[in-house]
Amino acid sequence: MTTAQPLIQARGLVKRFGGFTAVDAIDVAVRAGEAFGFLGPNGAGKSSTMRMIGCVSPPSGGELRILGMDPVRDGPAIRARLGVCPQLDTLDPELTVRENLITYARYFGIARRVARLRAAELLDFVQLSERADSKVEPLSGGMKRRLTIARALVNEPEIVLLDEPTTGLDPQARHLVWERLFQLKQQGVTLVLTTHYMDEAEQLCDRLVVMDGGRIVAEGSPRVLIEQHSTREVVELRFAGESQEPFASKLDQLGERVEVLPDRVLLYVPDGDAAVAEVTALGLHPINVLVRRSGLEDVFLHLTGRTLID
Amino acid sequence: MVALVLPRLMDVSAASRRSASVAERNVSALKSIYWLLLVSGFVEPLLYLFSIGVGVGALVGDLTLPGGAVVSYAAFVAPAMLASSAMTGSFAETTFNFFGKMKYMKLYDGVIATPVQPFEIALGELTWAMIRGSAYSGAFLVVMVVMDLTTAARAAVAFPAAVLVGFTFGAIGMTIATFMRSWQDFDVLASAQFVLFLFSGTFIPAQAYPTLLRWLVEVTPLYRAVHLIRGITVGSSGWTWLLDIGYLLVVLAIGLFIASRRMSRLLYR
Numbered sequence: 001m002t003t004a005q006p007l008i009q010a011r012g013l014v015k016r017f018g019g020f021t022a023v024d025a026i027d028v029a030v031r032a033g034e035a036f037g038f039l040g041p042n043g044a045g046k047s048s049t050m051r052m053i054g055c056v057s058p059p060s061g062g063e064l065r066i067l068g069m070d071p072v073r074d075g076p077a078i079r080a081r082l083g084v085c086p087q088l089d090t091l092d093p094e095l096t097v098r099e100n101l102i103t104y105a106r107y108f109g110i111a112r113r114v115a116r117l118r119a120a121e122l123l124d125f126v127q128l129s130e131r132a133d134s135k136v137e138p139l140s141g142g143m144k145r146r147l148t149i150a151r152a153l154v155n156e157p158e159i160v161l162l163d164e165p166t167t168g169l170d171p172q173a174r175h176l177v178w179e180r181l182f183q184l185k186q187q188g189v190t191l192v193l194t195t196h197y198m199d200e201a202e203q204l205c206d207r208l209v210v211m212d213g214g215r216i217v218a219e220g221s222p223r224v225l226i227e228q229h230s231t232r233e234v235v236e237l238r239f240a241g242e243s244q245e246p247f248a249s250k251l252d253q254l255g256e257r258v259e260v261l262p263d264r265v266l267l268y269v270p271d272g273d274a275a276v277a278e279v280t281a282l283g284l285h286p287i288n289v290l291v292r293r294s295g296l297e298d299v300f301l302h303l304t305g306r307t308l309i310d
Numbered sequence: 001m002v003a004l005v006l007p008r009l010m011d012v013s014a015a016s017r018r019s020a021s022v023a024e025r026n027v028s029a030l031k032s033i034y035w036l037l038l039v040s041g042f043v044e045p046l047l048y049l050f051s052i053g054v055g056v057g058a059l060v061g062d063l064t065l066p067g068g069a070v071v072s073y074a075a076f077v078a079p080a081m082l083a084s085s086a087m088t089g090s091f092a093e094t095t096f097n098f099f100g101k102m103k104y105m106k107l108y109d110g111v112i113a114t115p116v117q118p119f120e121i122a123l124g125e126l127t128w129a130m131i132r133g134s135a136y137s138g139a140f141l142v143v144m145v146v147m148d149l150t151t152a153a154r155a156a157v158a159f160p161a162a163v164l165v166g167f168t169f170g171a172i173g174m175t176i177a178t179f180m181r182s183w184q185d186f187d188v189l190a191s192a193q194f195v196l197f198l199f200s201g202t203f204i205p206a207q208a209y210p211t212l213l214r215w216l217v218e219v220t221p222l223y224r225a226v227h228l229i230r231g232i233t234v235g236s237s238g239w240t241w242l243l244d245i246g247y248l249l250v251v252l253a254i255g256l257f258i259a260s261r262r263m264s265r266l267l268y269r
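Same order as they appear, the protein sequences are chains A and B. Per my numbering, the very first residue in the first sequence carries number 1; after that it's consecutive. Per my numbering, the very first residue in the second sequence carries number 1; after that it's consecutive.
Check each hint, because a few of them may be wrong.
Unchecked claim - Computed list of lysine to any residue pairs in SDA-like fashion (alpha-carbon distance at most 20 Å, straight line):
| no. | chain 1 | residue 1 | chain 2 | residue 2 |
| --- | --- | --- | --- | --- |
| 1 | B | 103 | A | 89 |
| 2 | B | 103 | A | 90 |
| 3 | B | 103 | A | 133 |
| 4 | B | 106 | A | 90 |
| 5 | B | 106 | B | 235 |
| 6 | B | 31 | A | 133 |
| 7 | B | 31 | A | 137 |
| 8 | B | 106 | B | 39 |
Claimed, not checked - Derived contacts from chain B toward chain A, CB cut-off under 7 Å, selection only:
| no. | residue |
| --- | --- |
| 9 | 17 |
| 10 | 114 |
| 11 | 203 |
Just so you know, the hints here were simulated from the structure itself, not pulled from any lab data. Where is the CB? At the ideal position from N, CA and C, for every residue including glycine.
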């Protein structure tokens with residue numbers, strides 16, 4: 001698809017559950033071939049948005065177009081071209097790994113012969129061929145996740161929706177999933193994913209939005225977001241003593257922003273080494289100093305706050 | 001005209017194809033332990049037929065039906081056992097299993113992400129329930145013919161009637177299942193089912209009840225099912241079987257409508 005028309009277009013999209021507004025008038029446009037991320041703390045409205053895009057949750061307001069169609073009226077036609085990896089695995093516990101893929105392909109009207117071939121290919125793709133005839137239950141969390149991703153690809157979708165694809169996985173499994181998602185992107189598949197892992201967003205997403213309280217609070221590429229919402233570098237200082245507060249008050253002038261945590265002080269500065277020199281010049285001697293680049297995590301925490309939301 | 005009708009027809013064929021894929025899933029899930037369960041559904045009505053139909057029947061003797069026909073007690077009870085086993089068979093699939101798939105396995109949460117829609121899931125599960133129920137009915141009819149409780153020709157007519165009964169109760173069961181909150185609710189359902197089983201003109205003719213009670217009994221779906229099948233297997237005259245079929249079809253349509261509406265509401269959150 002070479003048209004400028006976005007594959008997914010939301011304008012003022014709203015989702016309400018009774019009196020609670022989960023998604024509060026968001027505007028989103030996802031273009032063909034890009035990897036688009038929804039970032040945000042739990043309860044930010046990411047999953048509700050994903051379910052609306054997946055055509056399994058009717059919007060309460062606003063406008064939503066997917067592949068140029070209306071999700072309420074053209075649900076089956078849109079879903080035929082989507083692959084969905086939901087937040088919680090919905091695998092069929094009464095079927096084997098292979099049967100899960102074949103049965104799912106049948107829901108899309110794919111011929112059994114084709115389904116069998118594709119199941120074998122996909123099991124190979126997610127490295128589950130050896131477990132093909134195992135039941136789903138004894139699989140590890142990472143294996144189930146990979147199977148769910150394989151299942152989402154069984155209809156050769158144009159858009160793949162992944163709701164927290166690597167939550168709860170060990171590092172090996174996460175890296176395998178990332179590799180596979182990257183491969184899909186290379187093949188031109190449009191990826192839409194939600195995550196609260198910043199490294200995941202930085203690794204995979206061309207563009208992302210940060211959601212908080214049902215609204216979009218920032219939008220852009222990871223690099224642009226870091227430039228706009230954080231400084232180039234961050235200095236982490238730890239001082240000896242009960243509280244970091246008295247030290248922090250002396251650092252007010254140093255950076256663009258000073259943040260006090262229970263165990264350390266964060267200085268947001270353009271040049272970390274220069275800032276460390278200035279700290280020493282003030283006669284302060286932290287027991288621990290770390291200079292690092294700003295990351296998405298700094299942006300995320302700055303925009304959505306450090307307080308627990310659940 | 002073609003432009004108007006063709007998409008509709010394609011809709012129907014796509015919908016039935018998708019329903020079939022839901023039924024097909026259950027064939028893939030058939031495992032050895034399940035077969036045992038399937039067999040039990042066939043044995044149960046046989047036990048009732050032998051213990052009550054034949055056993056108690058020896059004490060009761062022959063019965064004179066409202067139409068004037070005189071039949072053995074076993075021949076009177078057998079069609080009722082057929083109807084209630086069709087009910088039990090499709091209930092097992094559409095209440096207990098359906099509820100488990102929807103609420104605990106979260107199976108349909110995965111299915112609705114595909115082009116398959118709630119109505120098609122309902123129809124697919126119902127078709128599967130009907131296949132299971134029909135297997136019971138067919139086997140039971142063979143037993144009835146062998147025991148000389150009906151003729152082969154009548155049994156051949158009774159079979160599609162039993163399939164309709166299975167379909168209708170499947171739709172009722174599925175509707176009930178969408179209102180269930182937990183497994184405890186199934187105890188209530190089982191009791192209700194047993195009351196229906198005892199008092200739907202199964203073991204004694206409904207004419208034996210006081211007028212008010214008789215009316216109450218005669219509007220229950222199982223009574224209509226028993227009445228329909230008994231009419232066929234013992235061969236009573238009249239046109240009331242039309243009423244039975246109409247009744248069962250209407251209940252089927254209403255059940256399917258409510259069940260798919262409820263499923264849409266539960267799944268498309």
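Which hints from the list above does the structure break, by number from lowest to highest? The structure conflicts with hints 3, 5, 8 and 11, although it agrees with all the remaining ones.
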